[in-house]
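Residue numbers (this note's numbering), protein chains in the order written: chain X, 9 to 146; chain D, 44 to 465.
None of these hints come from the bench; they were simulated from the model. It cannot be assumed that every hint is accurate.
What the hints assert, rightly or not - Heads up, simulated SDA-like pairs for lysine to any residue below, C-alpha to C-alpha not over 20 Å straight-line:
| hint | chain 1 | residue 1 | chain 2 | residue 2 |
| --- | --- | --- | --- | --- |
| 1 | D | Lys331 | X | Cys36 |
| 2 | X | Lys32 | D | Lys331 |
| 3 | D | Lys210 | D | Glu344 |
| 4 | X | Lys65 | X | Ile127 |
| 5 | D | Lys400 | D | Glu344 |
| 6 | D | Lys331 | X | Ser18 |
| 7 | D | Lys270 | D | Pro260 |
| 8 | D | Lys210 | D | Thr334 |
| 9 | X | Lys27 | D | Ile187 |
| 10 | X | Lys26 | X | Ser61 |
| 11 | D | Lys90 | D | Pro382 |
| 12 | D | Lys331 | X | Ala38 |
| 13 | D | Lys331 | X | Leu51 |
| 14 | X | Lys82 | D | Ala182 |
Stated by the list, open to error - According to the in silico footprint, chain X covers these stretches of chain D (three or more CB under 8 Å from chain X):
| hint | stretch |
| --- | --- |
| 15 | 165–177 |
| 16 | 181–189 |
| 17 | 192–198 |
| 18 | 271–280 |
Stated by the list, open to error - Far from chain D by the CB rule (all over 12 Å, computed), these chain X residues:
| hint | residue |
| --- | --- |
| 19 | Lys27 |
| 20 | Pro45 |
| 21 | Phe143 |
Please read all numbers here as calculations on a predicted model, not as lab measurements. Ideal Cβ placement from N, Cα and C applies to all residues, glycine included.
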Amino acid sequence: MEVKEFTAASFYRFLDRKKLMGSKCKKCGALFLPPRPFCGQCLENEMEWFQFSGRGKLISYSVVRVGTTMYEEKGYGRDTPYCWGLVQLDEGPRISALLLGADLSRPDSITIGQSLEAIFPDKREEEGERNPVTFRLE
Amino acid sequence: MVRRAKKLTRGVAVIGAGMSHFGAFKEKDSRDLFVEAFQAVLGTVQKGIDPREIEAIYVGNLSSDCFEGQAHVAPIMAEWVGLNPRPATRTEDACASSGVALREGIIAVASGLYDIVLVGGVESMNKLTTARVTDILAAAADAIYEVSVGATFPSLYAQIATVHMDKYGTTEEQLMKVAIKNHDNGALNPKAHFTSSIRDLMNSRIARAKQKGQPIPSWTDEMEFLKDPSANPIVAWPIKLFDCSPITDGAACAILVAEDIARNFTDEPIHVIGTGQASDAQALHGRKDITSLTASKLAAEQAYEMAGVTPKDIQLAEVHDCFTIAEVVATEDLGFFKPGEGSRAAEEGKTARDGEKPINTSGGLKSKGHPVGATGVGQLVEVWEQMSGHAGQRQVARVNLALAHNVGASGSTVVVHIFERR
Ligand SMILES: [Zn+2]
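All chains, please: the whole structure from these sequences, using the hints.
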């Protein structure tokens with residue numbers, strides 16, 4: 009694999025290849041998701057890529073009925089809500105993700121602590137579009 | 044490394060604070076709103092001030108760039124109030140922009156560089172559609188990793204709400220009580236965006252339905268009104284329309300001077316005795332716990348330490364209630380109530396005007412309005428009016444110690460100030 013910089017561009021390119029990649033500090037072992045080049049724990053900048061399992065649990069969520077223009081243009085809206093939330097990976101770090109697989113007409117049917125798994129929908133056609141991090145409730 | 048206790052190298056006092064009307068003013072631009080706030084502040088200086096004595100100006104503004112196509116707003120504000128060529132500096136820390144302008148003004152006077160500065164904030168948001176405003180505000184979150192998954196501001200605070208509910212049992216009804224309380228306060232504030240209580244709003248909708256011969260809603264009190272999804276629709280579950288602060292246009296200004304000259308301008312200056320500011324991960328996923336805002340706790344700690352007071356001593360606070368859950372969390376982070384007890388305190392009336400800890404007597408961001416860049420100094424306006432006894436029907440008993448708490452975005456910037464009347 010070619011050497012990639014620890015940037016958002018690299019993160020999303022990995023995501024397109026169905027890999028949830030973060031960075032790991034070679035000095036102190038701290039994990040970062042999304043990846044970053046500089047360790048916020050020990051302030052060193054010797055990182056290596058780290059692949060996350062994609063398994064985690066739900067920390068928080070919201071069912072959105074008034075979205076951003078980007079999401080309204082994807083077809084979401086008052087009667088077609090979407091759900092996003094925070095996921096804590098089994099390895100520790102947290103990430104924001106679009107959440108699929110829940111009954112959005114009953115938001116309180118979703119349980120905090122529920123297990124989730126990363127999924128990798130096919131990349132959209134639009135030039136330059138970054139696919140969102142996406143998880144499915146199990 | 045030994046940490047030196049932080050203090051201001053010389054005292055700073057507020058000699059006046061005033062604001063424009065807050066509301067939706069499509070015919071007004073930022074500069075018009077700022078002029079209105081400037082005229083208001085001059086009118087609050089007891090012995091008067093020659094504006095030419097002002098030496099520098101600090102203006103908080105989130106995004107006139109996007110809202111109005113106008114970058115570089117600080118010199119324009121200075122120009123429109125006749126203060127060119129004095130140095131004019133803009134501060135931008137999302138919704139904490141003017142709380143930070145206030146702090147920068149304090150630091151400038153404390154340093155000895157200036158004796159008299161104007162601090163203020165301005166935002167004009169209503170010329171755009173709600174969808175565009177949602178996008179621009181969302182840009183104050185993490186654009187790459189939060190906005191990409193659909194984050195909006197209501198849905199960011201909804202994350203905090205779901206965790207708070209799960210961990211502490213906070214209920215949607217308790218959050219509704221916060222909205223009712225703040226609207227009750229805003230109804231008594233002639234400059235507020237919403238000048239009616241939720242009960243009055245409910246009654247006027249019933250009256251309108253009667254007038255138009257439509258089916259008459261069966262609401263008998265505010266809680267029934269707020270529980271009706273046709274009156275209070277979900278924006279980002281569990282956050283509903285009446286949990287959100289409105290999209291507001293407005294400006295606010297205050298004048299700060301070196302303490303030793305304050306009495307040239309007023310016999311009742313308000314002294315700045317504590318200031319604190321902290322930052323945190325921009326994205327919620329970068330924080331270990333989201334039932335509280337760590338930056339709020341740290342900023343408050345700094346301010347309390349500098350002031351030499353405790354949360355118990357604070358007699359009145361304006362806190363950043365961009366959403367009802369934000370007020371609950373703020374009252375916990377500032378140490379007024381134990382973690383998890385903020386919602387019950389609101390429900391029991393402890394944060395009402397006549398409660399043990401009056402919170403957001405102005406109506407808060409919820410009812411007074413939230414012109415984001417003006418909010419921080421707008422909070423100082425309420426503190427000023429309450430401390431100087433000019434809060435009219437909102438006046439609580441004599442206030443000698445008050446606090447203002449201003450949050451940027453979902454808590455990646457927080458600034459806290461403590462003021463004393465001697
Ligand atoms: Zn490290």
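- Query: Regarding the pair D:Lys400 and D:Glu344, is the alpha-carbon distance no greater than 20 Å?
  - Reply: OK: D:Lys400 and D:Glu344 at ~18 Å, within 20 Å.
- Holds or violated: D:Lys210 to D:Thr334, with C-alpha atoms at most 20 Å apart: 8 Å, holds
- Given as covered by chain X, does the stretch 181–189 of chain D meet the bar of three residues or more with CB within less than 8 Å? holds (count 5)
- Non-interface claim for X:Pro45 versus chain D (Cβ beyond 12 Å): About 14 Å separates X:Pro45 from the closest Cβ of chain D, which puts it past 12 Å; holds.
- For the pair supplied as a hint, D:Lys331 and X:Leu51, confirm whether the alpha-carbon distance does not exceed 20 Å. Holds - the C-alpha atoms of X:Leu51 and D:Lys331 are around 19 Å apart, at most 20 Å.
- Per the coverage rule (Cβ-Cβ under 8 Å, at least three residues), is the stretch 192–198 of chain D covered by chain X? holds (count 6)
- Between D:Lys210 and D:Glu344, is the straight-line Cα distance small enough, at 20 Å or below? Judged against 20 Å, a Cα distance of about 24 Å means the pair is violated.
- Apply the coverage criterion to the stretch 271–280 of chain D and chain X: a residue qualifies when its Cβ sits closer than 8 Å to a Cβ of the chain, and three qualifying residues are needed. holds (count 5)
- Pair hint D:Lys90 and D:Pro382, alpha-carbon separation not exceeding 20 Å: 44 Å, violated
- Does the alpha-carbon distance linking X:Lys65 and X:Ile127 stay inside the 20 Å limit? 14 Å, holds
- Message: Given the hinted pair D:Lys331 and X:Ser18, is their Cα-Cα distance within 20 Å?
- Response: 25 Å, violated
- Message: Given the hinted pair X:Lys27 and D:Ile187, is their Cα-Cα distance within 20 Å?
- Response: Given that 20 Å is the threshold and the Cα spacing comes to 18 Å, the pair holds.
Hint check: violations occur at hints 3, 6, 11, 21; the rest are consistent with the structure.
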